[in-house]
Structure formats: structure tokens, C-alpha cells
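S.K.: The chain contents come next:
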Amino acid sequence: MNNWSVPPLIALFLFPGGLFLFLWGLFYEWVDRKLVARLQNRVGPRWYQPLADLVKLLAKEEIVPEGSDPTLFYLLPVLALACAMTSALYLPMAGFMPAYSFRGDLIVALYLLSMLTIGLGVAGANTPNRFSLIGATRTLTQLFSYEAPFLLALLGPAIVAGSWRISEINFYTQQQPLWIMVTQPIGFLVALVGLMGKLELPPFDAPEAETEIVAGALTEYSGRGYALFRLGKNVELVIALTLVATFYLGGLANPLQFLVKTLGLLVFLAVLQTLFARLRIDQTVGLWWRIGALLAIAQLLILFVINLV
Amino acid sequence: MTSERKFIVPIGPQHPALKEPGHFEFTVDGEIVTDASVRLGYVHRGIEKGAEERSYIQDLYLFERICGICSHVHATAFALGVERLAGVEAPLRAQAIRSLVAEMERIHSHMLWLGVAAHEGGFDTLFMYSWRDREIVMDLLEAFTGNRVNYSVNLLGGVKCDVNESLRDQILRGMDQLEKRIQHYLNVVTTDRTFLARTEGVGRMTREQADLFGAVGPTARASGVPRDVRVDAPYAYYSTVPVRLITDERGDLLARFVVRINELFEAIRVIREILDHLPEGELTARMPRRIPAGETISRVEAPRGELFYFVKSNGGEKPERVKVRTPSLCNWGSVMQVAVGHKLADMPMILAGIDPCFSCNDRMVQLKRKDSQQWMSWEDLRQYGIEYYKKVL
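As you go down the protein sequences, you meet chains D and U in turn. Using numbering that gives the first Met the number 0, you'd call the opening residue of the first sequence number 0 and step up by one each time. Using numbering that gives the first Met the number 0, you'd call the opening residue of the second sequence number 0 and step up by one each time.
Honestly, the hints are just simulated from the structure, not real lab data. Wrong hints could be hidden among the right ones.
Chain U residues, not near chain D, derived (Cβ > 10 Å throughout) [said to hold, decoys possible]:
1) S54
2) Q169
3) Q208
4) E265
5) G280
6) E316
SDA-like mimics (lysine to any residue), calculated; alpha carbons at most 25 Å apart, straight line [stated by the list, open to error]:
7) U/K342 x D/E209
8) U/K179 x D/L274
9) D/K33 x D/P254
10) U/K317 x U/L171
11) U/K311 x U/L154
12) U/K18 x D/R41
13) D/K33 x U/G11
14) U/K390 x U/L154
15) D/K33 x U/Y128
16) D/K55 x D/F19
17) U/K342 x D/E65
18) U/K18 x D/S221
19) U/K389 x U/E134
20) U/K18 x D/F275
21) D/K55 x D/L198
22) U/K342 x D/V284
23) U/K317 x U/E88
24) U/K322 x U/V87
25) U/K342 x D/L200
26) U/K5 x D/L200
27) U/K342 x D/M195
28) U/K179 x U/E164
29) D/K33 x U/V37
Beta carbons are placed, not taken as given, at the ideal position from N, Cα and C, and that holds for glycine.
Assemble the whole structure, with the sequences as input and the hints as a guide.
M.R.: The following block contains the structure:
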């Protein structure tokens, strides 16, 4: 119940923005990769592998492909990473008070997160490579399919908490005797699967299906740009996990809760990743609009009815 | 197509989906494939020409290296052909061991394919597990022959590896283990919802199409074509231990999975039966150094389908001409037809569905166009290659 706050400069550069997000993102990428590897009967990477990849990529030459706009090409990775990191400021990272908070910051945080995906899509469309173009189309198609159900799923807790402010929702969920995961199971399910779609994890990895379109939207990226996009995705992983844990797993009151709850979610995601074959993009869209969106709306309707009674 | 400009997605010669070089061009309209073409020949190695420069014994090793996965059947086909020319028949025990290794090779090849096909569909867990269990049969093959891939079991007139009691027990134990695992994979492939969504009804080839395109092997059998050289024209030990023909009427990717997995069970059954009734006797028969003049064909059932060898001898120590036709080449035509109308995302799985093997089908082909025929001699071909690369560079 005791949430501490942090001074602004530290909030921007060290915690919860900046360094903390980088390191935590790399750490979670390693946990994810290692778990998936172990579940698939592989050995998996060592703990410093994501960091080593990052350093290696940063040291490599960045090649701007002919026919693409160089400004956009350089700018997009930075923008994507910056947006993902900015959204961390409104979240109770590591169980601390959000660095900044205002009414409706939930919507801002969510859209900042989506900027990363849009950045990916634009980056893919910016290069003349055919794999990138298809990857970009798929990325944006997927964005439009999961975004609405995911948003609706996060609105459920916001409605019962009576606030669109993440910090207030965090307080509210902490005070509940039952986790919202139990009281709104459908919403939790949709949020969880939406998380996987957002992070383009298997089985929703059609936008970067290597056996079809090499690396999808990022096919032409190398070196620094690729490193930043990857880092952006890692940051997004941490933020999205925090978001779902705040809303559905009884809030985050202290660093220990943060660690346990987000790691627990990550383990669950890793298991889900190993269970399925990749969905085609049309199957992904169908799944989201036919089932995901309907479930989320049903959840909202149930909430309204209960509120009225 | 509404727009005039075609959007062509090139796959290969270097692409993550391909483990060997081949070039495919898919014309797409959105995600739908409207046209497909294939270009092969990146790994042409001139093996047939090379065979004419070497003695029959050396050729046996050369042909084994046409394909790394089905090396044994190539050597078997060549040995059978040469033996027929020489009028020599390998002893029964040698024939039994040829069939035994061929079936073990089929297990390793089909399990390899299972993993690759699952990977193309983004189901890496199945890929990793099936390859882990493939190690069982790889280890057995190594214990048996000393090698994991190019076993070099065959000699002209017999085989050089024998099965003793302890090896027999080892193989039988391995088969028991494998049978359980394969049953599990059959369950996964036929019940996993996400996987079924990628295979059921995808890449369907009707029986008429399969006949028309001359599909062979499991690809044809999955479309209901009862075609298996082991059944139609038994060679080696298959007349004594008959093989049950496995077909499926559905013709889609799922059917190809089911047919191949059921063939694994059949291979295990055949291996057990051969080991139970292993005839006693010599391993080799005497072969003459010079093979009498004449020509013959020999057909064997490779894991991918019918493998065809033509051997012509002029009475010397070296063959006059050897022609190899591998099953992958027969199946390409069907893929390119079936691909049209599917989603781009299905392409890797449809390509993998015929279990393609690139390096084994890259050999000289006579180009037959509508109006002209073009033959190239070895010298012409060499000159053509030099000129071609001068232009490119």
C-alpha cells in the first residue's frame, strides 16, 4: 500500500524511464527466450546474450537502402523507442508511484505503446524491399485487429475503478479482496492474448514470419536502427506486462509484487508461445474480430448490468 | 489483378525458409498467390558426368552423395542396376540388410521432414521435439554403419555391415521408444487446433491432378494414388516382407502429414519383421570388375518417392551413361499448380509439403520448348557457364 515517488530527472534517465527500462527489458527478453528454449527442449541463451546482441548491433554498420527516405529511416527507431519509454512514466513501474499522472493517462499510455507498432509499420513501408512491405502491411493489419479488443479489455478494470488514471486504478485493484482476474476472467483472457498480439509473440508472429517474409518490416534494418527497434520491443514487453499486472493481478504495491507478478505473467506467456503453430494473418484478424472483440464487449456489458443492479 | 504492375515475392535462392538454394517467384495480390514459378539448378554438380569418369565401385560412393538424407537408396538403386547388368544377385541376408537400412533411413527422413514442415508453419516446438527423437534412429544408424548420414552400407553384390545380437536388441529397443513418440506426433498433428488450421484443406491436390503431374511417393499417396515401388515392383527384401500401402484420400497438407507418419509406423513394423526373420548366410556375392555391355533401369522407393536409375554399360570398368531421376523433380510441377489461390503464408508449408530436396534434382535436363529442342554437350555447357558469368560480372 505504500507507493513511493521519484524525482523527475531520475524518473527520466534512471528510473522508471531510461536505464532501468533497458536493463529490465533485456532481462525479460532473456527470461522469455530461455523459458521458451527450455520448453522446446533446447539449451537457450546465457543471461548476457540480449545485451551482447544489443552491443553487437550498435557496433555494426547501418545501411540505408536505396529508395527509402533516410530521415525517416533514422528517425523511426528513435521515435518508436522514445514513445515506448515515455509510456513507462505513467505506469507504476516496480511498484512505485507513476512518475507522472493525470486524468486519462491510461489512454495516453496505450497510444504511446501503439506508436511503436505504427513506427514498425511505417519503417517497413519506407523501404522498397518486398518482404518489408508485406511485413508492414501485416504489422498494421494486426495492429488494427488486436488494438480494439485489448483496449476494451483494459477498460473493464478502469470502469469498476471509476477512473481512467492508472495510479488510481492501481490503488483500487490493491484494495480489492479479489484480483480482477477472478472477477473479470473474460477480460483477463482477452488482455493476455492481446498482449501476445501486441508483442508479436508466437502464434501471432505472422508480421515477422521468418519462413515467409524473412524479418518482416525490419528486413532492411541493420545495426543501430535494428538495435533500437529490438530494444523498443523489450521495453514494450516490460510495460505491457506491468500494465496487465496492475489491472488484473491485484495491482503493484512494491518491487517484490512487481517482480513476482510480471515474471509470473511472463512464464505464462512463454508456455503459451510454445503451444501453438503460427496463425496466418487472416486467421489472426478473424480470431480478434470474431472472438476477441465480442468477448471483450460481452465483458463490458456484464459490468454495466452489474453496475446498474 | 486490378493493377497492371505485378507484385512478385521472391523466395530464394537465399531465404530463411530454404535450407538449400532454389528460386521461387510468387506473384501476389494482397496475400493471395496468383502465379508461381520455380527455378532450380543452383547446385548442379555434374555428378552424372562425373560418374562416367569413374569406375563402378567409385560411382557407388559418388551416387551416395547425391543426397545427404536419402543416401542409402541412391546407392541401393545403383547397386541393383549394376548387379542386374552383371547377372549377379546379392545374397538374401544382404538384401534384408539393404531393406533394413532403407527403412531406418525412411524413419530419419520422415522425422526430419516433420520437423521442417512444422517449422515452416511456425510450430517450432514440434520441430525441436521431432528432431530430438530423430536422434534415436540416427544413433542406431551410427551404431550400425559407423556414419550418421552417408552410411555406405552397400557394395556391388552385397553389403558391408552386419547385424549382431546386441545391435538387434538395440534397434528393437529404439523402435519401441520411437513408436511411442510417433504416436504422440500423430496425435498432435491430427488434433492440435492451430496446426490443423494451417494444414487442413490447404494445398489440396486431387487424385486426377496427382496423376496428371506425375506426382510420386507420399505426395501422391496422400492424394489417393496407390503408387509405391516397394509394393508395385518389390526389390531387395520387400518381396519376403511385404509393405502395406498407405494412402489417404484427402490430398491436403494434413493428409501428407498423416501418410508420412503412418509410413513411420509401417517402417517400424517392417524393421521388426526383418530383424525377426533375418536370413543367415553370406553378405556379398562376387562381382566382376568389368560389367557386361547392356543397359538397365532400376527403381526403388526413396523416402520422397520413386527413385529411378538408368545404367548403361559398354563392357568396361566405367559406366557409359548413368541417368538419375529423383522424386523431388517429379513433384515440383504439382506444387506450382497447387500454390495458386492460396495465401502467401501457406507457401512455405506447401513447398515443404512435398519434402523437396534441391541438390538431388539439379542435373542436366533437356530443354524442350514448343518449337525447338536444345541439347548441350559437356563442352557447350562449360562454355555457356563461362559466358554467363562473364555477362553477370
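S.K.: Compare the structure with each hint and give your call.
M.R.: Now for the hints, and whether the structure bears them out:
1. S54: Consistent with the label, U/S54 stays out of reach of chain D, its closest Cβ about 43 Å off (over 10 Å).
2. Q169: 23 Å, holds
3. Q208: 23 Å, holds
4. E265: At about 26 Å from chain D, U/E265 clears the 10 Å cut-off, so the statement holds.
5. G280: Check passes; 43 Å lies beyond 10 Å.
6. E316: Label holds. Min Cβ-Cβ 47 Å, cutoff 10 Å.
7. U/K342 x D/E209: Judged against 25 Å, a Cα distance of about 15 Å means the pair holds.
8. U/K179 x D/L274: 20 Å, holds
9. D/K33 x D/P254: Holds: D/K33 and D/P254 sit about 23 Å apart, inside 25 Å.
10. U/K317 x U/L171: 40 Å, violated
11. U/K311 x U/L154: 19 Å, holds
12. U/K18 x D/R41: 20 Å, holds
13. D/K33 x U/G11: Violated, because 31 Å separates the two Cα atoms, which is more than 25 Å.
14. U/K390 x U/L154: Roughly 45 Å between the alpha carbons, so the hint for U/K390 and U/L154 is violated.
15. D/K33 x U/Y128: 16 Å, holds
16. D/K55 x D/F19: 20 Å, holds
17. U/K342 x D/E65: Since the Cα atoms of U/K342 and D/E65 sit roughly 29 Å apart, the hinted pair is violated (cutoff 25 Å).
18. U/K18 x D/S221: 23 Å, holds
19. U/K389 x U/E134: 45 Å, violated
20. U/K18 x D/F275: 23 Å, holds
21. D/K55 x D/L198: Between D/K55 and D/L198 the Cα gap is close to 23 Å, so the pair holds against 25 Å.
22. U/K342 x D/V284: Distance of about 14 Å is within 25 Å: holds.
23. U/K317 x U/E88: The given pair, whose Cα atoms are some 20 Å apart, holds under the 25 Å limit.
24. U/K322 x U/V87: At roughly 21 Å apart (the allowed maximum being 25 Å), U/V87 and U/K322 satisfy the hint.
25. U/K342 x D/L200: Given that 25 Å is the threshold and the Cα spacing comes to 21 Å, the pair holds.
26. U/K5 x D/L200: Violated: U/K5 and D/L200 sit about 31 Å apart, past 25 Å.
27. U/K342 x D/M195: 23 Å, holds
28. U/K179 x U/E164: Given that 25 Å is the threshold and the Cα spacing comes to 23 Å, the pair holds.
29. D/K33 x U/V37: 38 Å, violated
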